[in-house]
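Protein chains in written order, with the numbering used here: chain E, 1 to 306; chain P, 1001 to 1536; chain W, 2001 to 2300.
Don't read these hints as lab results, they were simulated from the structure.
Here are a few chain P residues that sit away from chain W, every Cβ distance over 12 Å (derived from the structure):
(1) H1109
(2) L1175
(3) H1224
(4) K1420
(5) W1432
(6) A1478
(7) D1481
Partial list, derived from the structure: chain P residues whose beta carbon lies under 7 Å from chain W:
(8) A1251
(9) G1252
(10) D1272
(11) A1276
Quantities reported herein were computed from a predicted structural model and do not represent experimental measurements.
The beta-carbon is built from N, C-alpha and C at its ideal position, and this holds for glycine as well.
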Amino acid sequence: MGKYFCKRVVSAIPLLLVISFVVFMFIHMIPGDPARMIAGQDATKEDVEVVREQLGLNDPLLVQYGNYMKGLFTGDLGDSVKNGKTVVETIAPRMKPTIMLTISAMIWATIIGIALGIISAVFHGRSLDYIGMIIAISGISVPSFWLGLELIQGFSVALNWLPTGGLDSWQSYILPSLTMGAGIMAVLGRFTRSTMLETMREDYVRTARAKGLKETLVVMRHAFKNSLIEIITVAGLQIGGLLSGSVMAETVFSIPGLGRLLVDSINFRDYKVVQALLLFFAAEYIVINLIVDVLYGVINPKIRYN
Amino acid sequence: MKNRKKVLAALLAGVMTLSMGTTVFAAAEDGYAVKATNTDAKSGDNDLVIAIEGSVSSMDPANIPDTNAISATRGCYEMLVAFNKDQELEGQLAESWEVSEDSLTYTFHLREGVKFSDGTDFNAAAVVANYERIIDPENKLRQRRTYVVAQPDGTEKFRVESIETPDDYTVVFKLAEAWSPFINRMSQFCMISPAALEEYGNDIMNHPVGTGPFICTEWEEGDHTTFERNEDYWGEKASVDTVTIKEVPEAGSRTAMLQTGEADLVYPMPADQIAAIQSNDDVNVLAADSNIMRYVTLNMDLPELKDEKVRQAMNYAIDKDAYIQLMYSGYAKPATSIVPSIIGGYKEQTPYTYDVEKAKELMKEAGYEDGFKLTLWGDNTTQEVKGMTFIKQMLSQINIDVEVLPMEPATISDKIYVEKEDAEINMWYVNWSASDFTMDGSVRSLLHSSMVPPTSANTAYYVNEDFDKLLDEGLATADPDKQAEIYGEAQTIAWEAAPWLFLGNDQILYAAKSYLSGAYVSPDGAFNFTHAELAQ
Amino acid sequence: MAQTNTNLDQNKFAAAEELPKAQSKVKEFTKKFMKRKTAVVSLIFILFIILMAIIAPFVVPYAPDQPDYTALLQGPSAAHIWGTDEFGQDVFSRLMVGSRLSLSCALIATVIGTAGGVVLGLIAGFYGGFVDSLIMRCCDVLFAFPDILLAIAVVAIIGPGMVNVMIAVAVFTVPSFARIIRSATISVKQSLYVEVARSLGCKNSRILFVHVFPGTIQSMIVNFTMRIGTAILAASSLSFLGFGANVTEPDWGAMLSLGRNYLNTAPHMVLFPGILIFLTVLAFNLLGDGLRDTLDPKMN
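So that you can see chain E by itself, here it is in the shape it has in the complex (with noise of 0.2 Å):
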């Protein structure tokens, strides 16, 4: 097990190189010149010039790689080209509310999701079933700005009862974790539905029927155990989707996470900060899939890592 984890590390910083690589020459290849977006609109030409011999954009694409790579390997990953910050004290600050928001929404998307998906799954075909999955699939039938505004009319302006934003108390946490977890409480309920009813067809959990055994430990200990190794992997994809996507829930909530600053990066072609932050998403989503590879063998300790 030890060796697997160290191996499955190892085979991860090739990736992470040809994202390295992938990303520059995208963020590159993207119209639109930052040493423009600095000097301004009214800029004259030559005052780009210097500008962009300032920022080293007239070197070639690969040389200025090639200094990229240079500076990551000693720990220096630029500045940002917007004010002369250091990227790791741009992005440094905007982990954490990230990061918070993407577990609060997690964990109550999972439980709800999870527990939609049973509920569905073992009255299946009966009204609790289509009750449960018309709750579920209504969270991911509205785009999320739009469930954010709404929540913001309902919760804060109509009935004062919680902040518009910011992340400043629990109480802040509860309109923007409910606005980002909708759509992971829709992907799991009805995940957990169908791959619940597959397992309750097996051998195994009809035995553990027939031996007279409650309806409840049925389902829960044999049925949703089985499951469960198939809906860690749809919850793993879904934080590396959280932790970028982020977006919406940051905008319409003014919270200062990644998601914001990987848009307004972009838009400002703040090429050192986007690098930065996608190569960060790159190995967040590789640590996340190894977790979820781990968590495998805890549930099930059948598999074998090989």
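Since the structure of chain E is already known, use the hints to place chains P and W on it.
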């Protein structure tokens, strides 16, 4: 159960407003778009919260990327001269100043007894240190461009020939050649403590030390900037204990914050949402004329747009009143010149009054009765897209088929600053605001023939020698009467040639709780909170 | 990657595939499907929307792009049953005509994305080894890219417009499909009838498309219907971020996103597009669930 009913009631109330229709607003002359009826509301605390749309992306006053950063830095930094609420230039850290007859020498007499918040003295040496910091290329500061002009041959031309300090409280700037915007630009030249510069270098943005009425305690880009009162301020001390500038990108969320009392002032206030805020009796919505010019550039190099008649026809085909109603709920004025009325040297021109018949007539004379096709570029924000859609609808009346292409600003820049023969631009829905309020700053880079892309932003490819000459003459004199005459003529030339579709000048809209006074937004979109007071 | 141990019971040879006649299969399918009421209702709703997409331009009361500056942002009335928008255009007419654009955009994007994902997933799962690693690593790279960046990049590089939004949405449909189909393929591959086909000497390509592919259809359908919903929402989210499709054409997502500034002053502008999007996405999902249950041979 009760609570659910409350939610339902709230939702229903929302739906009910469906049937109310829309109220028509008119631009408010007294500055109030909506006046609060509850005028003796009290604030619960003495902490001012301002919610803004964009980001305070720097706290280094010499390296400012946007207007919000200007506003924020003015909390803790001051300049030699500054614009007051009525847009008049007055001394701030300079008590007075003189300009020589030949417009080349500017002498500033500095205020004595002013200290930076780190306890060091403000004096002539501090002014020199700040100037030298800005022009040092190693520092890569944006403001360097104000004083140093890059030449096509790669050399540089310094606008200031020398800076002298006859005594500790006098500074003399000698210009290389006459340049009338100099004094206005001085209003962006902030004084940073030289001792702090020595200590922090360019990291000064994280440790601001100025002479202002507030001390910046926290700057978290993308979230908030916090100030507290400077107890040792040289002038009248600030009234509020703290100021927090909160970044709230979504318009609906900003409005909500004002309604819930989480913010005391929100800017900008979208005109679309004024109706929603009217139900709160303690909110003032304020409107002020701005320096924003809204227009569409017409590429005069295109065969269809070469003819002056076509361009004039297009101007006649646009219903300016509908534009203002639709886009700004009435809080704007039709454009009456190539610059907003607030710009120095403005002269009113004969309007292109909405007249489809006349427009059709002109198109017919030009031989384009059946119209043609054009593309229209613009930023991809909701508001800009709305404006572009409106232009499309208007021009379809004279058979011009417009394809609306919203793009990211960075992408547009890339497509605009290209060599002349590669230009793909037809029309560009855009706006311009000259932060120094001068005529030259407002039109040179947009209409001077030397500013055709890729050099700068003359995307109309407007070339007129007389116009160029007048602009250059205006720059060489600091005499306001002479300038007014020169600039008046220049405006008439460009207005009649119609290189743009002249749309309007929108008003700055912001909303504040009625217990807040003294805080305002200037015509250039910078907000000022130094004299803010919260009624207790 | 960890591989799950599949217990293949080699002795269960006798339980090979039965070969029922095609006609009775359709009949049986219909009968089973009709029993699932939510699915039937969803199907009817979807058919209605599709019908609207076809005939709306000829039957709606107003031209969808007919502005009326004297009737801006009016609430529902006899003249405009769902009110008017910021240009005084009739919201009902725009939504009905817009169904053509929104549905076809979502459908085409999903079909392209699904096709790509299914082919890659089948190949990866069936051949395994190096091909599998290569395809799955590429998917990893795509997965590691946030959707938004992909979309922004696609739209920024090739310009704004409906087709480009479809490409953007299609691109982020591919990796998730490839992954799902891959795992379905792996389990089908090890099932009995594929073993039989292999032992009978069938060519790989034939086994892949005739025997393995049909086995993955079930997971494909569920994800396909879900993805159509996602595509409709993605188009609207892209509008929110300023990378929408045709802004002047009626499109549900764009209408919802552009209307959000009127949420508290003219709520009908977001209410009706919102409800329509909600119901459509819900219907596609419920239909998918119904089809899945019907197609599942082990379920009744």
